[in-house]
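Chemist: Okay, here's what each chain looks like letter by letter:
Number of protein chains: 2
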Amino acid sequence: MIEKLPSFQHLLKILQKVPYLASKNLYRVATHFLDMSPEQVEQFCRALQLAHQRLIKCPQCCAWQAKDQKCLFCFNEKREHAIICVVETWQELLAIEKTGGYKGVYHVLEGVISPLEGIGPEHLTIKLLVARAPGVREIILAMNQTPEGEATSAYIAHQLQHTSVKISVLAQGVPVGSSLEFVDRLTVYKALAERRPF
Amino acid sequence: MIEKLPSFQHLLKILQKVPYLASKNLYRVATHFLDMSPEQVEQFCRALQLAHQRLIKCPQCCAWQAKDQKCLFCFNEKREHAIICVVETWQELLAIEKTGGYKGVYHVLEGVISPLEGIGPEHLTIKLLVARAPGVREIILAMNQTPEGEATSAYIAHQLQHTSVKISVLAQGVPVGSSLEFVDRLTVYKALAERRPF
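For the record, the sequence lines run as chains A and B. So the first sequence is numbered by this note's numbering: it starts at 1 and just counts up by one. So the second sequence is numbered by this note's numbering: it starts at 1 and just counts up by one.
If you are wondering where the hints come from, they were derived from the structure by calculation, not from laboratory data. Glycine included, C-beta positions come from ideal geometry on N, C-alpha and C. Treat the hints loosely; a few may be bogus.
What the hints assert, rightly or not - Short, incomplete list of chain A residues facing chain B, as computed with Cβ under 7 angstroms:
#	residue
1	Phe33
2	Ala51
3	Ile83
As the list claims (entries may be wrong) - Quick list of the computed label-pair ranges, beta carbon to beta carbon:
#	chain 1	residue 1	chain 2	residue 2	range
4	B	Met36	A	Val174	37 to 45 angstroms
5	A	Glu150	B	Val169	33 to 41 angstroms
6	A	Ala151	B	Asn76	53 to 61 angstroms
7	B	His158	A	Pro175	49 to 57 angstroms
Claimed, not checked - With a straight-line cut-off of 30 angstroms between C-alpha atoms, the simulated DSS-like cross-links for lysine-lysine are:
#	chain 1	residue 1	chain 2	residue 2
8	A	Lys13	B	Lys103
9	A	Lys13	B	Lys57
10	B	Lys127	A	Lys4
11	A	Lys24	B	Lys17
12	B	Lys103	A	Lys98
13	A	Lys24	B	Lys4
14	B	Lys24	A	Lys103
15	B	Lys13	B	Lys78
16	A	Lys4	B	Lys103
17	A	Lys13	B	Lys98
18	B	Lys98	A	Lys17
19	A	Lys78	B	Lys4
20	A	Lys67	B	Lys127
Model the full assembly from the supplied sequences, consistent with the hints where possible.
Modeler: Pasting the structure below:
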């Protein structure tokens, strides 16, 4: 059926490349676009192209920044430049920013080491991070709590072992607001092992 | 943070309107677009605009058709025009087409009656369907098995009660390949009630 409507088929093919669009929803998203007014399609494309033209990655920390502005972190005098928080992607950076409790700067790795997906340390921004290390006091490894995240932390720590920089990781423990009953065993175990004085 | 990058914020706002993009994934999709090459962005927008320009809805059955071609169903001589299968959306039409077992034509309702969402019969293509009824032998109501779908079927059946057209609905029962153990009670009940001779 669809093969008789080549422009529909082409739209599906293009949408297929968008991550987090389950193939089950592809048709719905495609018809959503077709149901738009020409002005809305125009607006959508303009927003996409504009963002694409205006945003670049900071050459130092790899966070997104506006092309005509300086990096919001690296050139922010209110930030503490002696502390670098290393995150996997921009999304984790935003999650940490939302806490409002971190005043240091960042380093976006752009992924994690994942041999299964063919991602080695050379595909990440680890070299850039190592180059930044001499000037700083502390590097916080804020990777996600996954095997890949932990392996990446271990790799980075190894790369930094000959520097004097202090390396720290996020605390593991029971999430705020949770019942012990519903928290997984390993988390409870770690919370116990890393218990602190009241 | 994001408010300092207006073009990023605008992209998020535009993406928010796309259905089936969970807000949790918005940032990831946005960065996917930013990571594209300018050519890929261009290609994406072109596919979108092209599909939008080339595809229209058939004025009779409301299925998508190419602007420069005739409707694949209404103008297809190999189809049986005396049987109309009524579906909620284009996706259900494709699901039925995939079976390869239906040779009649279609009528796309463009939704279901849903008072909670403010969708009444006047928002659907029911009037168009009723106008088509005199010429046909059978109308199959192939709505999804939801309260809204069933209410819509009931409404349409009521609208057609003064015509001589035969109205049918999809069979309810145990899905092919399923174990009774894992099928919900109501489905098993309906399968029992509508049992047929072997």
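Chemist: Now tell me if each hint is right for this structure.
Modeler: Consistency of the hints with the structure:
no., hint, verdict
1, Phe33, "holds (6 angstroms)"
2, Ala51, "holds (4 angstroms)"
3, Ile83, "violated (17 angstroms)"
4, B/Met36 / A/Val174: 37 to 45 angstroms, "holds (40 angstroms)"
5, A/Glu150 / B/Val169: 33 to 41 angstroms, "violated (55 angstroms)"
6, A/Ala151 / B/Asn76: 53 to 61 angstroms, "holds (57 angstroms)"
7, B/His158 / A/Pro175: 49 to 57 angstroms, "holds (53 angstroms)"
8, A/Lys13 / B/Lys103, "holds (27 angstroms)"
9, A/Lys13 / B/Lys57, "holds (21 angstroms)"
10, B/Lys127 / A/Lys4, "holds (28 angstroms)"
11, A/Lys24 / B/Lys17, "holds (18 angstroms)"
12, B/Lys103 / A/Lys98, "violated (56 angstroms)"
13, A/Lys24 / B/Lys4, "violated (35 angstroms)"
14, B/Lys24 / A/Lys103, "holds (25 angstroms)"
15, B/Lys13 / B/Lys78, "violated (46 angstroms)"
16, A/Lys4 / B/Lys103, "holds (17 angstroms)"
17, A/Lys13 / B/Lys98, "holds (18 angstroms)"
18, B/Lys98 / A/Lys17, "holds (23 angstroms)"
19, A/Lys78 / B/Lys4, "holds (15 angstroms)"
20, A/Lys67 / B/Lys127, "violated (54 angstroms)"
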